[in-house]
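Going down the list, the sequences are from chains A and B.
Quick note, the first sequence lines up with residues 174 to 867 if you use this note's numbering.
Quick note, the second sequence lines up with residues 113 to 344 if you use this note's numbering.
Since the hints were made in silico from the structure, they are not lab data.
For each residue, glycine too, the CB sits at the ideal point set by N, CA and C.
Be careful, since some hints might not be right.
Examples of chain B residues lying across from chain A (beta carbon under 8 Å, computed) [to be verified]:
no.	residue
1	Arg160
2	Val162
3	Trp199
4	Tyr211
5	Arg283
Spelled out, the chains give:
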Amino acid sequence: MCGRLRTENLSGPDLVSLMPLRVRTRCTLLLPVALALAVGLGAPRASTAGPVSAAPVPSPGARTLDDYRHFRVASIDLLGRAPTRAELAQFERADFDWNRWVESHLQGPAYVERLTRIYMDALRLEPNVTFTAGPSQLYRQEITGPDGKPTTVLYRAGQRRVREATDGEFCLSPDETGLVVRPQATAIGTPKKTPKKALDAYTVSVRPWWLYRDYASPHPTQRYLDGFTHPDAEYRPVDALLKEPDGTPTTSVRICREEAQEPASGHIYATARAKPPTAPMTVSSVAASPGATTALPGGRVKPAPLDTPYATKHKGEPVACDTREAVSMSVDCGCGHGLDRCMPNSGPGDAPAFQYPNHMPLGPGLPLDDANQSAFRWYPYWWSREAVHFLDYLFADDRDFREVLTGKETWVNGPLAQFYKTIQRGSCCGPEGAFGMHAETEPLFDPARVPADLAPQDVEKWELVPDRGAHAAGLLTMPMYLEKYASARARGAAIYNDFLCKSFSAGQAELAASDEPDLTKRPGCQTCHATLEPLAAYFARIEPASFVYLPESLFPVKAKTCKKDKAGKLNGSCNALYDAAFYDVDGPTLRGAHGSLPHADSGAAGAGADITRMPEFASCAVQRVASSFLGRPTTSDDAVLLEKLTVDFVQSGYRMRSLVRGVALSDEYRRANNDRGASSVSPPPPVVSPKDAR
Amino acid sequence: MRRLGLVLPLALAACAAATPEHIQPVLGGPLAPVSVVAMDTAPKEDLRMVPPEVYMRTYMQLFGGLAPLDAQKAARGNDGSQLFDNWDAYVSALGFPDYRTDIPRQTQTNALMVATFERLGVALCDRSIEHDLKAKPAHPVRDRVVFAFDLPRPGTMDATAFSPRFDVLHRTFLGYPAALAPATRVPRFLQLYRDIASTHKTADPKSRLSPDEAAWAAVCYGLVRHPEFHLY
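This is chain A alone, in the form it adopts within the complex:
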């Protein structure tokens, strides 16, 4: 049992390598060496009033209980676990060099995790959100095949189709399947054998990316666990994606023909369809009266979608197939080759797609559990891992810590590469189209910078992207941060709390009734919002609960084209993005920007630059790390220590290693633990009589 380690370790440049450490522990029976040492009674500790002093280095051969405790504390902080007996034996050697020991442990997975934990405890960058972009999410419906056996068919919700009977719905009509198919719920109706002619006409078989390693080739053969024999250990599709309803292995998936199309762009579709004369049936009435027929083609319950004015006006114009418009406005946009622009699903709604852990506090490769997880949580899971990887990278490489808010770089693996290359584009566009943006023009992560050699199954292969694009700013422009802190105010408040160590506390003010829209002026609110609104303004160009960036060229901070109507309101698209409450001769103000128009234009990158220039940024980092290592909040008694650490931290170029070194070698760290065992009690001091003192 001793020394046996997991062998399914991570490969590639993953910074977070396996824990526990790859050290074979030597389990030796040790004589109590300390019995031969002087069981020293520690000398009285000097008062800390005065300059910071380094911790006294234990003299060889005279280890006291305090020395052992100090070593244990440092091991817990820098090794991430208690010391082994072999490590204690090393500590007891006469040639043990304390400073060298500390220095050698200011690196490695345990040190990195120690620091990342400080900031993850503050930022809590794990998702309690789901994510599904319209053009990328597939749903799966089980129908009865021509032979009477169950068959599953993949489709997208709201997909436009040429056939009126199925336009905007599942590609096989209720008349053909007996079912009214609903993407977010179980289908209703009585399934019947689907005619073979319909099945062949409106569906095709595809070998998708989640099953085939070589899905990009014309004839994929490397199926998961059969040909694709060494997938990453953490890449595990659920059984429902790997097996047919009868238990046989899935070798290809049946998908609606429109969804199987591969081109990167399609065309806007308009039908000139007239509104149906009869009132549609509702789903509940169909459920209540099985077999009841409708006057609509194919037995559909709702009429086919009508053309929008935009579609009518722009019929035939190109549309990118990975944008939100692609599903609702074209019939020739699909999921791409191998369906690589789409996410699988094992059912309707939020059904399982992949297996991965819920709890992984010791890092990847060391999960505490395993669970089937829904397709909607796949990308949020990897967003969180990206944020952790980024922090790990900053600490492992001892980068300038200011990059946490300013860095252009990030790390991506296969799922993230897929997300940034194409999936993220499905979040845009809706009301943005009215301003001329039908696809993101300046994304926070430029898809052209995604590494080309990462396949969606490469979950354990991480690559550095040195520069995400012009608007990138450390954690501030990562999806996990933007989704966790979904509003502009939340994003600004998180910076204030976590990187300046300040909090908002309302002053004692009478909250008189007020209709002042500007909270920086409203009595009672201004004590907090005078600071919060300008911070929030940095994020005015990143949409709430999203990561869509609104470029200045299309979305000026003041929109002259948006006019109030007679009722004093803005129209739909203008109102979605601009705030009529802040309206002047130049028009309404971009939502969230009123706190500071210059901040709105400088964006998250401006926030990072401005915040890291403030002296509180360095002092906050020092305070967080020192407090974490000392195991207590810092007080005024620590002022001298903190001041020295801050000066050193800044002079070192904001390097965490310098900071942790300063803390670990300080006297305060050695004495942070208040426990004193009986054998380390100091002898009573000598009594000095007044006569002797003179």
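Chain B: place on chain A using the hints.
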């Protein structure tokens, strides 16, 4: 009297017109001490809890460097002893934060946490006994993580034989030699050993551990549940 009445106002006027005398302060030297007491002015806080990540890593290292799910499997075993549930059941009890739901890390122990430590500790000690002392063939001492010693003949454990073996466990779990512990620690654990060994002989139903093994397991329980293991 009349003269006094004339002189007195003149004297008073003269006094009023004179520059007031200022007594300059003179700094005194340091007060002579009666006694000198060394005073530690460092801010004081209670001992803090070992972070759950550290507890888990230490635990797995004591289990022989296994990954969590492997350690879970080994701890549960298949002997029906129900020593272990699964890590998922213990996550919140151990004080792990839940970043998804913004539940912060627990920094103080509570009754549920202490009970969890006890359960995990019993699983570790019993499985370690099986691996280190009961395996056939026996593992070399250098390959044992916890009970890195051999036992003398049954019934011959005295203080001389107990101390060095206890020191091995003391270093393993608490990180320092038993000689530096409070003077009563070794005698108390020796008494525990003796009590368990003697009552185990008459245990009903019979245990799969011998009296000596059960006694060492009890010593292990005592150390793995000791506050000094969980606090630092």
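To see whether the hints hold, each was checked on the structure:
| no. | hint | result |
| --- | --- | --- |
| 1 | Arg160 | holds (4 Å) |
| 2 | Val162 | holds (6 Å) |
| 3 | Trp199 | holds (4 Å) |
| 4 | Tyr211 | holds (4 Å) |
| 5 | Arg283 | holds (5 Å) |
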